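Number of protein chains: 2
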Amino acid sequence: MFKRALFLAAVLAAPVWAAPVAPDAAAVATATKLRDQGVASDTGYQLLESLTTEVGQRLAGTEAEARGRDWAAKKMQALGFTNVRIEEFKVPLWVRGVETAEVTAPTPQRLVVTALGHSGATPAAGIEAEVVRFASFDDLVAAPAGSLNGKIAFLDHYMKPTQDGSSYGAFGAVRFVGPSIAASKGAIGVVIRSLGTNDARVAHTGVTDWENALPAVPVTGGSKVVGAKIAPIPAGALSVPDGDLMRQLFARGGPVRMKLVLTPAFKGDGVSGNVIGEIPGRSAPDEIVLIGGHLDSWDLGTGAVDDGAGVVIAMAAAKLIKAQAPQGPRRTVRVVLFGAEEIGGMGGDDYGKRHAGEKHVLAMESDFGADRIWKITSRVADTGIPTVRAMQRVLAPLGINPTTDNANGGGSDLAPIGPTVGMLTLHQDGTHYFDLHHTPDDTFDKVDPAQLAQNVAAYAVTTWLAADSDVAFGPAPAPKK
Amino acid sequence: MFKRALFLAAVLAAPVWAAPVAPDAAAVATATKLRDQGVASDTGYQLLESLTTEVGQRLAGTEAEARGRDWAAKKMQALGFTNVRIEEFKVPLWVRGVETAEVTAPTPQRLVVTALGHSGATPAAGIEAEVVRFASFDDLVAAPAGSLNGKIAFLDHYMKPTQDGSSYGAFGAVRFVGPSIAASKGAIGVVIRSLGTNDARVAHTGVTDWENALPAVPVTGGSKVVGAKIAPIPAGALSVPDGDLMRQLFARGGPVRMKLVLTPAFKGDGVSGNVIGEIPGRSAPDEIVLIGGHLDSWDLGTGAVDDGAGVVIAMAAAKLIKAQAPQGPRRTVRVVLFGAEEIGGMGGDDYGKRHAGEKHVLAMESDFGADRIWKITSRVADTGIPTVRAMQRVLAPLGINPTTDNANGGGSDLAPIGPTVGMLTLHQDGTHYFDLHHTPDDTFDKVDPAQLAQNVAAYAVTTWLAADSDVAFGPAPAPKK
Chain V
1 MFKRALFLAA
11 VLAAPVWAAP
21 VAPDAAAVAT
31 ATKLRDQGVA
41 SDTGYQLLES
51 LTTEVGQRLA
61 GTEAEARGRD
71 WAAKKMQALG
81 FTNVRIEEFK
91 VPLWVRGVET
101 AEVTAPTPQR
111 LVVTALGHSG
121 ATPAAGIEAE
131 VVRFASFDDL
141 VAAPAGSLNG
151 KIAFLDHYMK
161 PTQDGSSYGA
171 FGAVRFVGPS
181 IAASKGAIGV
191 VIRSLGTNDA
201 RVAHTGVTDW
211 ENALPAVPVT
221 GGSKVVGAKI
231 APIPAGALSV
241 PDGDLMRQLF
251 ARGGPVRMKL
261 VLTPAFKGDG
271 VSGNVIGEIP
281 GRSAPDEIVL
291 IGGHLDSWDL
301 GTGAVDDGAG
311 VVIAMAAAKL
321 IKAQAPQGPR
331 RTVRVVLFGA
341 EEIGGMGGDD
351 YGKRHAGEKH
361 VLAMESDFGA
371 DRIWKITSRV
381 ADTGIPTVRA
391 MQRVLAPLGI
401 NPTTDNANGG
411 GSDLAPIGPT
421 VGMLTLHQDG
431 THYFDLHHTP
441 DDTFDKVDPA
451 QLAQNVAAYA
461 VTTWLAADSD
471 VAFGPAPAPK
481 K
Chain C
1 MFKRALFLAA
11 VLAAPVWAAP
21 VAPDAAAVAT
31 ATKLRDQGVA
41 SDTGYQLLES
51 LTTEVGQRLA
61 GTEAEARGRD
71 WAAKKMQALG
81 FTNVRIEEFK
91 VPLWVRGVET
101 AEVTAPTPQR
111 LVVTALGHSG
121 ATPAAGIEAE
131 VVRFASFDDL
141 VAAPAGSLNG
151 KIAFLDHYMK
161 PTQDGSSYGA
171 FGAVRFVGPS
181 IAASKGAIGV
191 VIRSLGTNDA
201 RVAHTGVTDW
211 ENALPAVPVT
221 GGSKVVGAKI
231 APIPAGALSV
241 PDGDLMRQLF
251 ARGGPVRMKL
261 VLTPAFKGDG
271 VSGNVIGEIP
281 GRSAPDEIVL
291 IGGHLDSWDL
301 GTGAVDDGAG
311 VVIAMAAAKL
321 IKAQAPQGPR
331 RTVRVVLFGA
341 EEIGGMGGDD
351 YGKRHAGEKH
361 VLAMESDFGA
371 DRIWKITSRV
381 ADTGIPTVRA
391 MQRVLAPLGI
401 NPTTDNANGG
411 GSDLAPIGPT
421 VGMLTLHQDG
431 THYFDLHHTP
441 DDTFDKVDPA
451 QLAQNVAAYA
461 VTTWLAADSD
471 VAFGPAPAPK
481 K
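These protein sequence lines are chains V and C, in that order. Residue numbering for the first sequence follows the UniProt record's numbering, beginning at 1 and increasing consecutively. Residue numbering for the second sequence follows the UniProt record's numbering, beginning at 1 and increasing consecutively.
Derived by calculation from the structure, the hints in this document are not laboratory data. Among the clues, some could well be false.
[What the hints assert, rightly or not] Only part of the chain V face toward chain C is listed, based on derived beta-carbon distances under 8 Å:
#, residue
1, G56
2, T104
3, A105
4, D199
5, R201
6, D209
7, P241
8, L249
Predicted model, so just to flag it, every value in this text is computed and none were measured. Note that CB positions come from ideal geometry on N, CA and C, so glycine has one too.
Produce the complete structure using the sequences and hints provided.
The following block contains the structure:
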């Protein structure tokens, strides 16, 4: 019965697939060429080698991120993009200090730790206290007010790999708001089990939100509210194997104590910025198909997978289109490399403010690594659906599942350009993404050139078919909740 | 023709397999029981969890290694071993300090580095110098005297995984004597590409020999000879991905400069020791079958794979024999857990001196990780061969290849007990061993309980058949060169 219902749904959907209104045969033929050129091209891989070798990590607000902008602007010029520009904005500058953690009881054990983004600092000599373990985020939420006074909280969880990355959503609250909730209950420090999915002994950083947990619970103990934030306490991530070790120590039943030294600091304002370049449209240059990634990275690796990959996928895809159609597609292809995504999507916010009045037709962001794309979903107006189907048909030979999901599109940097713009998501395989995400292991050697090239091909095809078109992709339906 | 020749060789070898002189059917039946109990037992895994959780790293000469000895002696008592004792000896105590490395030109890049064992120290502020890359050990050897004056040498190589671990032999000189050779040519510091075989961003430590390279080349530049040693210079290992990055930077052709901070120090004498326990022989207690591993570890991980695994394999195998034969086998089974193996085989040396006059019949050491055993080789007198064949037949169902190689047996801690003692080697699969070896990643979570249990089964079978026997396994033939 269930299978029969599915079959009927497929039959009902079939007319849309069988008789697309657009695009025309010439546009599809060009898309097919772009696909085949994309998988054979090493432009993305060479750009990524250059970015990670010649610039390296690009922490938001730092001089390293500025060097990344210079690199990107120069490469865009060299690739033949026009209107290349950098749009700067201010961000809070937070930098890492000393970071060590050790179990002091029941037995000495050194742990691998790294400060979470926007963590508070311990004194230089560190803090030493009893540790309270929470097996889940819900257990932390349920802990009584004041119950963590003078203690260090260890936030454990059970994140495992998922192809769609959904376990990051399921367990992410541990990092996003766990530290501020622990602080609100009196904790003097927090260590989380890294949001990681393999057994490498590296810790996963990532930003922590000291604002949005505030209404949830009354603030107790020594914790303070400063303005709209809870005052950050020292908050670090332990490597997954160290999380296992903590579990084993707690399983023995006695008290566990920890010494924690984390001395990051806010250094006032830093400068971040977005880098923009275009392939101007040949007949409707004011209509924009936006593709991009984010240029900033965390500081532990070289930002190859997060999000050097997204940066070079967008650049290489636009370059293929430029080479294939020197006069440009009908509309403008705009490549936007966002700054300061990792510390709160600030590049997306700045872009949204500056470019609010422009005619964005469709937008896509690559920010889930360098592994192959396995499905395409959309969030476009009905008028755009036939073009999405055409994209899916051209890309099916690359192992990319067509779907009829039209409530799933967008990226963290795209939300600010407005809810009415059409969005596509080219879903990358995330099975191994959280092995590397926000760790020292996010380096160039982790990227497979063939999988990266498949991404370039998919972005070239989708970008071309949207840009060489006159159909409307917006207003988009509401995103899936 | 080639296949036919192989077939004939097998036929010619067959009589040895078909008509073993020993052991008798009862001994084989017991061995078969021990095999099946071994693969079903979690004793080794539980011991390893305990050692790595309750003790952790066990650097030679430190208080942590002493806690390891106490742990081992208590566990041996609890397992019912007799004559449990600790035999202490002095070792040089070397401890790690601050360790950072960064490329300063052509672009800033932070590198993951760790000091090699017995490295010299930089000033606290570090050293900064031009780096000279050597693509191979031979290139370093060929460098002219004085050519590294004032420079940092980067010793690159191309080690890849091998099942038998032979690539460690092929490329090991880079670590063993590369730093002293570089020092002899005037280098003020050395970084090697880690002797590692995966892409994890962890550095592989390991001891460096400042003595045995000396005769090779005249000492030049600022380097000094002190006694029989070249004075240690700062010597570190970069992670494999950082080695790749260095290669990429050198491929651009310009000068590469590095700042290196390594502040380890020798702290005078420390105490190490061997831990010994026995299952006394029921009728020939003075004849000894020795099995063991080494108790010390490097300090970066928790010494789970190197060599906590060997420690617990020997302990669990002896425990199985004790349970199966409460009166003991004919000969004594002696479990020896060596101290200070990592810094130069000092536990083996001490054991050899103290126990030189005793009747060692056969010896085996497990020191190649926790993965499955895939073949057995021997180095025993002709009289021992039929028993080796019987061991191989009992173990073949565990996927362990029988071989007729009788020139391959022993371990680094066994050499000092004399060349005449029979030796077996139960070869573990080393394909992934050098992913973890001497790194922070050497932790309990890397151990597969089923593979560890297979090891326990194999040691129980071989130990039992050697101990419940009266055949001579020595004098052993010369080892294979």
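Margin query: Quick check on V:L249 please, does its C-beta sit within 8 Å of some C-beta on chain C?
Written below: Result: holds, 6 Å to nearest chain C Cβ.
Checklist line | When the least beta-carbon distance from V:G56 to chain C is tested against 8 Å, hint result | finding: Holds. Min distance 5 Å.
Next item on the list: Answer holds if the nearest beta-carbon of chain C is closer than 8 Å to that of V:P241; otherwise answer violated.
Entry: 4 Å, holds
Margin query: V:A105 was flagged as interface toward chain C. Is the shortest Cβ-Cβ separation under 8 Å?
Written below: Hint violated; V:A105 Cβ to chain C Cβ min 12 Å, cut 8 Å.
Next item on the list: Hold the hint about V:T104 up to the distance rule: shortest CB distance to chain C must be less than 8 Å.
Entry: 12 Å, violated
Margin query: Under 8 Å is the threshold here; is the Cβ of V:D209 close enough to any Cβ of chain C for the hint to stand?
Written below: 27 Å, violated
Margin query: Hint validation: V:D199 versus chain C, beta carbon distance must be below 8 Å. Holds or violated?
Written below: Hint holds; V:D199 Cβ to chain C Cβ min 5 Å, cut 8 Å.
Item checked: Evaluation of the interface hint that places V:R201 against chain C, nearest CB under 8 Å -> 4 Å, holds
Going through the hint list in order, the structure does not satisfy hints 2, 3 and 6.
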